[in-house]
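Colleague: Based on the sequences and whatever the hints tell you, model everything.
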Amino acid sequence: LNFTSLFVFVATGLAAFGCRSHGASPSAGASAVGSVAKGSPSASPGPESHPKRVRARPAASLDLETAPGPAPSGSAVAREVRETAALALLTDATFAQRMPVLALEPGREFDWELRERVAPRVVVPMPRLRLAESTARGPLGKEVVQRIVRQNFGRYRSCAADSGGDTTPTGIVTLELTILPNGGLTRVTVSRTTLNDAAVVRCLRDATESLVFPARSEATEAVQVLEFSASSG
Amino acid sequence: VTARTKAPFAVAALVALAVATFAFRVERAQACGGFFPSTLSEKRRPSLALEQALLIYDQKSRREHFVREVAFRRATEPFGFVVPTPGRPDVAAIQKSPFRDLRQTFGFGSPVVPGSRGGDVRAGTTGGGAASAGVTLLDVKNVGSFTAFVLAATDENALSSWLAQQRFVRSPETSDWLSRYVRLGFYFVAMRYEPKPEAPGTKLSEPGAAKSETMRISFDSPLPYYPYFEPDRATAPDELRMLDLWVASDGAFEPVSLLERDGARHWVRPFRAGDRHERVQAKLASVIEPELWRLLPAGTITVTTYQDQKVSRRGFGDVLFVPERAPVLEPTRRSELLRLLPLVDPELLPARSGSPKP
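Protein chains in written order, with my numbering: chain A, 30 to 262; chain B, 462 to 819.
There could be a bad hint or two in this list.
[Stated by the list, open to error] Straight line, CA to CA, 25 Å or less: simulated DMTMM-like cross-link-like pairs of lysine to aspartate or glutamate:
hint: 1; chain 1: A; residue 1: K81; chain 2: B; residue 2: D562
hint: 2; chain 1: B; residue 1: K557; chain 2: A; residue 2: E145
hint: 3; chain 1: B; residue 1: K521; chain 2: A; residue 2: E112
These are computed hints drawn from the structure, not numbers from a lab.
Modeller: Right under this line is the structure:
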């Protein structure tokens, strides 16, 4: 019986698994299995500026046939023993980390494209877009800035329509531009927005960075406000 | 209602109980654990296609915020589902779905291993008003297309009857399912879904597809808890289903559940682990809205991602997340955990009311 194995594990402090019994001190559980990441936040409260990404854990070392579990119904196992075993499972992650992973239908491989197929596509209409206030300080007049920005309207609208949200994003975005004498941009900043969609704002900023303006003798500082509104259609 | 099963059940997941409408009677259980009008053929019944969840858990307060969004196929008829919770739940709508930004920021790992196997017990007297003997209606909320009833129950038959009165349909399968949670002392969030026209300017490309509003259910629990258990359901051979899960907490965990298969019981990990992102409290706060980041525990945050592509959850119980750094098992914590033990060992389930204790 699987439970027989488990009972042995429990009785021996789960030593066979390299686990601790549930009554042991928390630090005793730090002996993680294999290459499982050991650095829990509470143990290493590093600064926020040092986030850490850890690879997926290794495959389980047990298969289903050998994985322990509770005793079957009708077994002459005392309730206290069952509780001890279940508590061991729920208080010792090193025990749980050896259990088999069953996240797939039998015989199937993990499908990295599955989400694309099962998620319902949300189709939102292209938003209306217009130029709102604009200013320019330098040799490039604001009319020139507006003309170049307007040429990029298709990309801006795509940013909003492809947002993946349920509705068309609406609101304003204030772009601050520093245009070099050669027409390139050294700085694009979104100084204010009411779009309430960080991904769309990032897309708009990225789309703006590729703009090329006419060359002039000096740099130009410009501010352009874009206004997105829901399509009438 | 009188059905009895020997199946274990780690308790529940989110069972879909369908809702009978005034127009027709619902008579039998079907896909997704749901109950759908018997007038619908099997191929026309709704099925859950994509489930996305963010589980925020504070180890100090032992408070869980379960944020979920589900998408259904063929959801053209009214239906409903019931979510059991270990502690009294608070239900709220989430104004802006966090899942697109979570996916962009906290991924599931690259396809390097494609072959990987891959609180308080009901008092029965608190707030909300009495429903009937054995059932207490604690709250009712309209959350988008859903009407959410928060319930506590001490009598499984009374609960089943109350749900039926609210146009949730009962069957032997669901009555048995409910019975287990009543015996566990869990609460219930019964959500009745009425399809309605899409928001202006929005449409889903697949006819009949439905995407629910994002919803938050908050409750106390001694361990992070994912309602995963479902009644048996027939699955079409070509059916596809997927779960994406982000767990954000002041610690890291290992998910486990009971699996009953071929007469044997095992403990398994029901999800494929993706990546773990440590010390990401600032990053997480930048991609989720204040309505969610205010719920994060203080201190350093770890986000761990999981995926599940099983179509059928037959035999699987609810999922509990075991902390990698478990606190000392002092008497209070031990007592709290005892309530959850039947989820991983069905033989520890309390006796039915009126039945002699073993």
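Colleague: Next, verify each hint and record whether it holds.
Modeller: Now the hints, each set against the structure:
{"no.": "1", "hint": "K81(A) x D562(B)", "verdict": "holds, 18 Å"}
{"no.": "2", "hint": "K557(B) x E145(A)", "verdict": "holds, 21 Å"}
{"no.": "3", "hint": "K521(B) x E112(A)", "verdict": "holds, 24 Å"}
Every hint, counting from the list given before, is met by this structure.
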